[in-house]
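**Student:** For the record, the sequence lines run as chains A and B.
So for the first sequence, this note's numbering puts the first residue at 1; every next one is plus one.
So for the second sequence, this note's numbering puts the first residue at 1; every next one is plus one.
Mixed in with the good hints, there may be bad ones.
Under the rule of at most 25 Å between Cα atoms (straight-line distance), these lysine-lysine pairs were calculated in the PhoX-like manner [to be verified]:
{"id": "1", "chain 1": "A", "residue 1": "407", "chain 2": "B", "residue 2": "228"}
{"id": "2", "chain 1": "A", "residue 1": "368", "chain 2": "B", "residue 2": "130"}
{"id": "3", "chain 1": "A", "residue 1": "460", "chain 2": "A", "residue 2": "432"}
{"id": "4", "chain 1": "A", "residue 1": "445", "chain 2": "B", "residue 2": "226"}
{"id": "5", "chain 1": "B", "residue 1": "185", "chain 2": "A", "residue 2": "432"}
{"id": "6", "chain 1": "A", "residue 1": "445", "chain 2": "B", "residue 2": "228"}
It should be emphasised that the hints constitute simulated quantities derived from the structure, not laboratory data.
None of these values were measured; they are calculated from a predicted model.
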Amino acid sequence: MQHRYMAIWFRHLVTDWLTLRQPELKDQPFVLVVPEHNRMIVRAANPEAEAQGVRTGMPAADAKAITTNLQVIDFPLGQESKLLRHLGLWCIRYTPVVAIDLPDGLTLDISGCAHLWGGEKGYLKTVVLKLRGMGYDARAAIADTVGAAWAIARYGKIRPIIESGGQAEAIAGLSPAALRLEPEILDKLYKLGFRYVKNFMIMPRTVLRRRFGEGFLLRLAQALGTTDEYLTPIIPPVPYVERLPCLEPVRTDKAIEIGIEKLLQGLCSRLQAEGKGVRKAVLKCFRIDGKMVQAEITTTRGSHSVSHLFKLFGLQISKIEPALGIELFLLEAQKVEDIDPLQEKLWVDDPGLQDTALAELLDRIAGKIGPERIMRYLPAEHYWPERSIRPALSLKDISLAGWRADKPRPIRLLSKPEAIEVMALLPDYPPKIFIYKGKRHVVDKADGPERIEREWWLDKGEHRDYYMVEDEHGGRYWLFRSGHYDGGGAQWYLHGFFA
Amino acid sequence: METAHDRKALINSLQKNILQWEGYRPPPAGTQGLVGLGAVETAFPNGVFPLGAVHELVCSTTEQATASSGLISGLLSVFMQNGGACLWISLTGNIFPPALSGFGIEPSRLIFIRVTKDQEALWVMEEALKCAGLAAVVAEARELDFKQSRRLQLVVEQSHVTGFVLRNAVKKVGSTACAARWQVKPLPSEPVDGLPGLGFPRWEVELLRVRNGHPGTWIIEWAEGKFKQVEKEQTAKPFKRKAG
Numbered sequence: 001m002q003h004r005y006m007a008i009w010f011r012h013l014v015t016d017w018l019t020l021r022q023p024e025l026k027d028q029p030f031v032l033v034v035p036e037h038n039r040m041i042v043r044a045a046n047p048e049a050e051a052q053g054v055r056t057g058m059p060a061a062d063a064k065a066i067t068t069n070l071q072v073i074d075f076p077l078g079q080e081s082k083l084l085r086h087l088g089l090w091c092i093r094y095t096p097v098v099a100i101d102l103p104d105g106l107t108l109d110i111s112g113c114a115h116l117w118g119g120e121k122g123y124l125k126t127v128v129l130k131l132r133g134m135g136y137d138a139r140a141a142i143a144d145t146v147g148a149a150w151a152i153a154r155y156g157k158i159r160p161i162i163e164s165g166g167q168a169e170a171i172a173g174l175s176p177a178a179l180r181l182e183p184e185i186l187d188k189l190y191k192l193g194f195r196y197v198k199n200f201m202i203m204p205r206t207v208l209r210r211r212f213g214e215g216f217l218l219r220l221a222q223a224l225g226t227t228d229e230y231l232t233p234i235i236p237p238v239p240y241v242e243r244l245p246c247l248e249p250v251r252t253d254k255a256i257e258i259g260i261e262k263l264l265q266g267l268c269s270r271l272q273a274e275g276k277g278v279r280k281a282v283l284k285c286f287r288i289d290g291k292m293v294q295a296e297i298t299t300t301r302g303s304h305s306v307s308h309l310f311k312l313f314g315l316q317i318s319k320i321e322p323a324l325g326i327e328l329f330l331l332e333a334q335k336v337e338d339i340d341p342l343q344e345k346l347w348v349d350d351p352g353l354q355d356t357a358l359a360e361l362l363d364r365i366a367g368k369i370g371p372e373r374i375m376r377y378l379p380a381e382h383y384w385p386e387r388s389i390r391p392a393l394s395l396k397d398i399s400l401a402g403w404r405a406d407k408p409r410p411i412r413l414l415s416k417p418e419a420i421e422v423m424a425l426l427p428d429y430p431p432k433i434f435i436y437k438g439k440r441h442v443v444d445k446a447d448g449p450e451r452i453e454r455e456w457w458l459d460k461g462e463h464r465d466y467y468m469v470e471d472e473h474g475g476r477y478w479l480f481r482s483g484h485y486d487g488g489g490a491q492w493y494l495h496g497f498f499a
Numbered sequence: 001m002e003t004a005h006d007r008k009a010l011i012n013s014l015q016k017n018i019l020q021w022e023g024y025r026p027p028p029a030g031t032q033g034l035v036g037l038g039a040v041e042t043a044f045p046n047g048v049f050p051l052g053a054v055h056e057l058v059c060s061t062t063e064q065a066t067a068s069s070g071l072i073s074g075l076l077s078v079f080m081q082n083g084g085a086c087l088w089i090s091l092t093g094n095i096f097p098p099a100l101s102g103f104g105i106e107p108s109r110l111i112f113i114r115v116t117k118d119q120e121a122l123w124v125m126e127e128a129l130k131c132a133g134l135a136a137v138v139a140e141a142r143e144l145d146f147k148q149s150r151r152l153q154l155v156v157e158q159s160h161v162t163g164f165v166l167r168n169a170v171k172k173v174g175s176t177a178c179a180a181r182w183q184v185k186p187l188p189s190e191p192v193d194g195l196p197g198l199g200f201p202r203w204e205v206e207l208l209r210v211r212n213g214h215p216g217t218w219i220i221e222w223a224e225g226k227f228k229q230v231e232k233e234q235t236a237k238p239f240k241r242k243a244g
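One chain only, chain A, in its complex shape:
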């Protein structure tokens, strides 16, 4: 989409504001000063003072010398950003995307807004006249790029509206200062005789980069539109949000359910049209006692299914405390992702883990008991039993390592091996009798040992000699001796049960 930007420049932002606050200053030259290197430097001058030759950046003493009855006032530090924020919020009525451009401007993304005021001409006129009516000396310009609009608003002399694609021509005749460059680079440009942008606009980039650096090229490219420039809006847009005000405050579960369903229908039809799905959504309920309660859902895969999302919220309804009543519902989809449109299949082969219904089921389980309780394991390349599996990151996660089936492994593994008392006949023999949880097991058959060395680069300790044993009743166990057999000092453990 072709973007259009409007830059507004407040020529006398702070002095205009002060004049509005103190009407007696009107028609009287005054300057705002800041201390700098033990001198008072003029930071802003009102039009009357400027008419007498006062410029910003000159010492206050000089300014006093060239003007009669000049008032010198301390500059209210930090006031510009407050003022610009205030003005920016006022401008929201013209476009939702307004960015502050310190120290003295605003940038508006007006794409798709101007026709409501009868075209860009009418739009610009309305905005500027309104601002001037408020007492601020504003200039504005509209162009395809932020940089060009900025330049024309401040340095343009002919037309404030640059047609689409005309920005190169428009800024060619302006001074390099229109490109938002640093003072040092501007000095260098003037020294080299570059009085206008057109002098260097068509020069090879490599030459310019060597002399003026990457930042200079970026500013030029931003003004010409060859690089994108992003605005930071005052009000960050929540792209997917639905509102539902209630005529009467609602209190019952049923009413909340109806509210959620209505909101979801609106949200999901929009998401579906754009091919997106919700990963995280928050329902905010504003109560009449001024408090806000919220419920949050997350999904493992983007979803725009009303019934599924409604089920997820359904698990949370009991947590929403309506108190005296809820008067406004706000549903925000805080995290959305593109989802692949699903092709309805005539013959469905078993989709296994990629099943949508399975993803929805896991969302419901995660909503009820928490996502950390759901686990899926993949093989890890370790022999040490506790490390031979790793949790999968998502349903799509696969492991390149295969499952090893060459060595017997117990179907139930204790998370922590439990110490047992044993009687072994010979040093390297499996135990003859072992006592686990106070119960005596006489070992009938045994397989082993399988020695598993500890991974010394991960932790320290003894190796394990595993035996698979079967007692006289048919119970099959996985026992190990920690370390070498040395005079009966080695400790035995039970680590798992075989089927």
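Based on these hints, arrange chain B on the given structure of chain A.
**Tutor:** Chain B in isolation, oriented as in the chain A frame:
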């Protein structure tokens, strides 16, 4: 004699009708012997292992619970052949996935859910059984009463997913609406070809209750990737019909 013959035929057809009304459809061709349990399957109505039903396995010790897990794993390997996924809900969460590959299951297609209460386990199981895409659902829980089992049964009648409830440390075994109640006990294995060490895992599989079937006891081994029945002198209990 003709009237007696007619009556027998009538009773047979009525019994078949009753089975149909209870949700047992006549088995499609080729489903007999599907799960490979051999003679155990003949205990079920129509001689077919009931899929799309809830099975209950009671066990009193960890050894029995482990043996039951072995039997379930063997059955899952059949259900998961077509690439389906399976949910395993448990309180302890001590199933060791690498061992399952020995039962012909790809362990990464199993999703483990760790719960803290029986109520949670049964809630998750009920939700999971609604999901027709799953191959099977296994839940480890302590208690299961008639009402809860009835809920599970109603869900699987819609979705045709097979469920297993592994009841460990059962205090009281009441009546439930499950299709079958099993008890699996480990038995000492027989050495293979006279070699020392352990043989194939061997279990005493007992069907305590079967809806519209015949309870009995069998000895089953898991050998070389499939179930193998071991003949003993006294296998089946005396023929006894028990209505579910």
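**Student:** For every hint, state whether the structure bears it out.
**Tutor:** For each hint, the structure was consulted:
At roughly 22 Å between alpha-carbon atoms, residue 407 of chain A and residue 228 of chain B fall within 25 Å of each other, so this suggested pair holds. The straight-line distance between the Cα atoms of residue 368 of chain A and residue 130 of chain B is roughly 16 Å, inside the 25 Å bound, and the hint therefore holds. With a C-alpha separation of about 29 Å, the suggested pairing of residue 460 of chain A with residue 432 of chain A is violated against the 25 Å cut-off. Among the hinted pairs, residue 445 of chain A with residue 226 of chain B is consistent with the structure: their alpha-carbon atoms are about 23 Å apart, no more than 25 Å.
The straight-line distance between the Cα atoms of residue 185 of chain B and residue 432 of chain A is roughly 23 Å, inside the 25 Å bound, and the hint therefore holds. For a cut-off of 25 Å, the pair hint linking residue 445 of chain A to residue 228 of chain B stands: about 21 Å separates their Cα positions.
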